[in-house]
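Protein chains in written order, with this note's numbering: chain A, 1 to 351; chain B, 352 to 702; chain C, 703 to 1095; chain D, 1096 to 1488.
Derived by calculation from the structure, the hints in this document are not laboratory data. A portion of the hints provided could be inaccurate.
[What the hints assert, rightly or not] Not everything, but these chain B residues come out facing chain D in the computed CB check (under 7 Å):
id, residue
1, Gly656
2, Trp662
3, Glu678
[What the hints assert, rightly or not] List time: in silico SDA-like cross-link candidates among lysine to any residue, alpha-carbon distance up to 25 Å:
id, chain 1, residue 1, chain 2, residue 2
4, D, Lys1271, B, Gly594
5, D, Lys1486, B, Arg588
6, C, Lys878, A, Pro245
Glycine included, C-beta positions come from ideal geometry on N, C-alpha and C.
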Amino acid sequence: MHFQLTDDQRALRNGIREMLAGWFGRDRLRAAVDDPVLDRALWRELGAAGLFALRLPEAAGGVGLGLPEAVLTLEETGRVLLPGPVVACQLLAGVVAGVADGDRIVGLCDGAAEPVLWEHPEDCDELILLDSPDSLEGSGGAQGRTREAYRVCRSPAGQVARTPWTSVDPLTPLAAVITTTAVTASATATVTDPSRGAPLVAGLDVPRLRREAALLTAAQQLGSAARTVEMAVAHARERTQFGAPIGSFQAVKHLCAQMLVRTEIARSAVYAAAVTGDSLDIAGAKLLADEAAVRNARDCLQVHGGMGFTWEADVHLHLKRAWLRAERWGAAREAEERLAAGLIAGEAGTG
Amino acid sequence: MHFQLTDDQRALRNGIREMLAGWFGRDRLRAAVDDPVLDRALWRELGAAGLFALRLPEAAGGVGLGLPEAVLTLEETGRVLLPGPVVACQLLAGVVAGVADGDRIVGLCDGAAEPVLWEHPEDCDELILLDSPDSLEGSGGAQGRTREAYRVCRSPAGQVARTPWTSVDPLTPLAAVITTTAVTASATATVTDPSRGAPLVAGLDVPRLRREAALLTAAQQLGSAARTVEMAVAHARERTQFGAPIGSFQAVKHLCAQMLVRTEIARSAVYAAAVTGDSLDIAGAKLLADEAAVRNARDCLQVHGGMGFTWEADVHLHLKRAWLRAERWGAAREAEERLAAGLIAGEAGTG
Amino acid sequence: MDLSCTPEEEDFRARLRRWLAEVLPGLPAKPAATDWPGRRAYDAAWQRRLYDAGYAEVRWDADPARRLILLEETERAGAPYVGANFVGLLHAGPTIAAEGTDRQRRRWLPPILRGDEIWCQGFSEPDAGSDLAALRTRAVRDGETYVISGAKIWTSHAEVADWCELLVRTDPDAPKHRGLTWLAMPMDAPGVTVRPLRTLAGSAEFAEVFLDEVRVPVANRVGAENDGWRVSMVTLSFERGTAFVGEVVACRRVLGELARAAHGNGRWGDAVLRRRLGRLSAEFTALWRLIQWNVSAFRDAGGPPGAGSPPGAGGPPCPFELGGGSVFKLRYSHARQELYDAAAEVLGAGALDAGHPWVADRLSSLSYTIAAGTSQIQQNIVAERILGLPKGR
Amino acid sequence: MDLSCTPEEEDFRARLRRWLAEVLPGLPAKPAATDWPGRRAYDAAWQRRLYDAGYAEVRWDADPARRLILLEETERAGAPYVGANFVGLLHAGPTIAAEGTDRQRRRWLPPILRGDEIWCQGFSEPDAGSDLAALRTRAVRDGETYVISGAKIWTSHAEVADWCELLVRTDPDAPKHRGLTWLAMPMDAPGVTVRPLRTLAGSAEFAEVFLDEVRVPVANRVGAENDGWRVSMVTLSFERGTAFVGEVVACRRVLGELARAAHGNGRWGDAVLRRRLGRLSAEFTALWRLIQWNVSAFRDAGGPPGAGSPPGAGGPPCPFELGGGSVFKLRYSHARQELYDAAAEVLGAGALDAGHPWVADRLSSLSYTIAAGTSQIQQNIVAERILGLPKGR
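Okay, chain A solo, but in the shape it has when bound (with noise of 0.2 Å):
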């Protein structure tokens, strides 16, 4: 056993912390927020650098990694706010044509959430959405129903009917897939028994490709709790009243630390759910992530004060975007449940 980073884990994360550095800085971010179309010129310059190529296998022209080191980066786009569907494309380089050079941009979406919200509909080329049949169907019930069943729906973008949104996410414009039937299915199949042995639909392992939608989603909550830490540490330091600096008062002392607990017990969840894979250790990364990225921005503003109540200041943005991904790919009340049924079922893994 040795949960820590390898040495080539903290190359990549390093490497990604600068390559994200020089190519998404705060200007480019400040820009995003004023447009958020997304760049394809810094799209395509990601996927040169690997970042949906990530897992692919180096005999298909990827990099050959893992989920853990998938986590890393993911982590590192969401410290950085980095807008667009990095988890999707990351998760679908190998299914979908020129996704992996990041020539082309591809949605993921829930069909099982009500209702179903699609990020950057207008920045897609084309939209993957899964679904169980039962709920497309309308019967409403993304719980528990008829988990044996997927049904995979693949569009080009143009072809998806949907009505606006105004996202609460500046960086992360939204739509309402309208009716799934308006989405041409380009592979419909019912699958008894998915849990083992990846049966495929549309050539795509959906309970895998949720599982490791929710996990990633967590690495970029886990990022965005981390640099929201470092934000409020930074204020706290600069900032002077009553002739000292905040961060100098208990107050706002134990803020910070608390805002570093979540974070570090969210750490240890999410990496060691990317090294197990298992289903009810990413749901409970998830919640922990969730709660780490929306509290911390919560105390982040807190620590700022007034100015973090600006418009101008990021805390708002790190607050909006943790409160869409909390939504996505399993919310706290479905991962509770979850968890709380592995109680029973004694499914809580040790060692």
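Given the coordinates of chain A, work out where chains B, C and D should sit on it, guided by the hints.
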């Protein structure tokens, strides 16, 4: 509108406070911890002072005061952790002979609870148990079912079958009533619409008794919550660490401040519920007073540090009694559901 | 303890309700949030109607019970908010009433009540937020004029205000609380520049106000030179009395809406959410009772330094100055944030729609634990002023 | 990142499991909580069996991974707790190993590993809790002897201990961290009085130790005179590494029991409780991962100053000294309290039964946010030592 204590109410509160300080000081408290048998002489003194006859009409030999005054006196008993079924005796002073004078002691149990816990069983001369027939007959559901029907069981204490219980609160011996069938049911009646017009079962308005027991219990919680603020503040002013009183550190200050906030919110709710007598107001008051008493005792312990963890400190006595009371006459889970239902029914009162 | 109204109060309430039922249907449509002149005109017109009907003075009534009824009933009836009249009615007006000269009161108070003149507030500065007394905007005396330079922030309605109640430093050598002065500054004075400040809610409800050698007559000073801290505290304590009455009424209404919405969209089956709403119901009811408690205490203490008091009359310290307002604000600001977090649970993914009014209110609720004294500062106040814990650290 | 064990580790685990399965059924019944001599004998006998089987040294292994496996497997198998051997194995032993002379190590370490000698700790004092360095127990040098007077508190197993690791003040004029010395005091020395201290749980797990001119040879000093603060910090940092492994394993087991009990008694239908348990499952899994993370970091940093290090070897600061242990303890102490609050919800009115083991554990869990550094102190440590926020206030 004048939502402040009247001069008479202030005088009553101060009178009770002085009386209890004289009759039940810290020595008596610690003696009761070592031996929780009720002091009959003290009980008669309390009776003679009018504590139990407070709400009986003057014509019936009582003091002729109302629910707000009852709340103020119970708050004071909560402050000093006075042991014994004060709530029961005040509520039943007009029903059971000898209770008003403190000559006899009566217990009051909620038969809908599971198990049915009886406070001070060895000290009581008589037990009154409020029940709804469906839960008596073992169908278990206290919630909702047949709220229209009530049964009252009255029995000499010696005839109640019970099992011993190791009470978590050293000041409150408990027993579990085994079978209500063993209780001589001196009056049983079924009523179909008890909500209006106070139909009496065995001379008792059962819904009102439940409401008032909850309110007076909340008043005791309020008194305990207020007392633990004082204890925490006194300790924080005296205890020196790192060369300063610990109350000069923000972490301790803010714990104490939140304790006061909880107390004052609970006080507003409890006093207002005493004035309106409204069922939802009482549910909310109990909820907030339970929370204030339990969380304040916890925070008081935290402020006291190691010294608060000793048996010799009084902090744990407040915590354990607060736990006990929080389970009586409507726990949080029940109160919250009732308040939620009230929101749908549009019953949340204003004005 | 009495929660019922006196016959006079009941009569006042009934009369007010009738009047509101009569006039509200005839009001014009509300202007857009970005239409500042339109908003000013709308708010001023409503204030004028209140004035003509005899309700304007109630805001400054020595008896806060009638103020409570006014605020409760106008909110419940859906009447316009105080809006652009906020600073005049709640801050500057009461300050002038309590601390101004007869001449100043005659000049400034009637136009506030009538809605003729709009005030804004220039207290906070970029480097003086929690530590308000550290403000650095300088006023240098030049004969019968102060010459003022500096920058103010978090100023509402600056774009359309006629006057600004300004706190400036007149003695840079004195201890920080001792060198401040309160001035009424005309917003059209040369050297005043207003720049809108966009908040995280995306709107520009506030502005920064830059002051470059602005000249203000000494006659516009309320209170003595270097006594501005005390003068402005009168204002702040008044604000904490009944400032949140309308909001608490509104929160209780929203809570009922949340419950019904959850009932309608199936989320009512989620016991976690349901019980959260039940708890919030207890919470907001208790906050309402705490307002009534505080207002009654306020009245017992002789009322706030209001329009009826002689200038400079001190009176006993009111409970808000002693921190009663801090207890309320600590819990209310938290409960309000909880309310809109619960709203997000009711909405589910719908909480990602910035166009939903609950989402907009969720965003603005984020300022409640920061503005007008952060929760950290409020806890210090409660601990030190009410509980008597030692200062320092 | 690797969570799997090496073949050597797997082998160690398998061997240990076999051994535990073999010996545990033959253990005698546990003595009563109040039978101190019986408890000492029981704990010492278990330590002796660990020693004979070659597992005792693992507690001081430079590689914490094997320690982790030992603690995990013994807890899971329901083996006896470390009990009376706690201070010797976790505090005094590692301190002597790191800072003692060869002679001291030969004298004191083997009897600890064999369970022959029991140690207790004399650090805290009634007036020196959070501010440990403010302790006042005085040691005055008299030739080759220290003469010690004062009082210690929160001493476990004092009634049956052979030795006490004692922190005393040898230079009252030095700054408070600089005048302390670490001594090994025989508990049978004249002038030592032990008085049991009853906790709120009703038990007497701790004692006060009064020292009245107790004479301790200078040869019993570990480290230099007045260097005791540094010496004792070595001990404390060791404790924070793996001290809670067994407890986290136990908490996860209890959590499963809570879920099954709730399932059995009908409370599982309460979604609020159910989801709380689900959240705690995530919480304790993450805490387990954090232990693995910290242990791995600990190993990378060269391990703790353990039995294998030369006396006085410093090595790089381990992550626990840098606050990693504080992060764990802050969250764990809170989660443990939440766990037993959830247990109370499962029990309902049954939580009022002091005889229920969960209720007893609920009571003892109350000390977790206080003992070994309150949560307030831990937050200061995290803020200052990890986040680099300025000291003061």
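Quick rundown of the hints versus the structure:
1. A distance limit of 7 Å between C-beta atoms decides the matter here; for Gly656(B) the minimum to chain D is near 5 Å, and the interface restraint holds.
2. Interface hint status for Trp662(B): upheld, as the beta-carbon distance to the closest one in chain D is roughly 4 Å, under 7 Å.
3. Annotation: Glu678(B) was flagged as interfacial toward chain D, and the flag holds, the nearest CB pair being 5 Å apart, inside 7 Å.
4. Between the alpha carbons of Lys1271(D) and Gly594(B) the distance comes to roughly 11 Å, so the proposed pair stays at or under 25 Å and holds.
5. A distance of roughly 22 Å separates the Cα atoms of Lys1486(D) and Arg588(B); the hinted pair therefore holds under the 25 Å criterion.
6. Only pairs whose Cα atoms come within 25 Å are accepted, and Lys878(C) paired with Pro245(A) is accepted, the gap being roughly 17 Å.
Every hint from the earlier list agrees with this structure, and none is contradicted.
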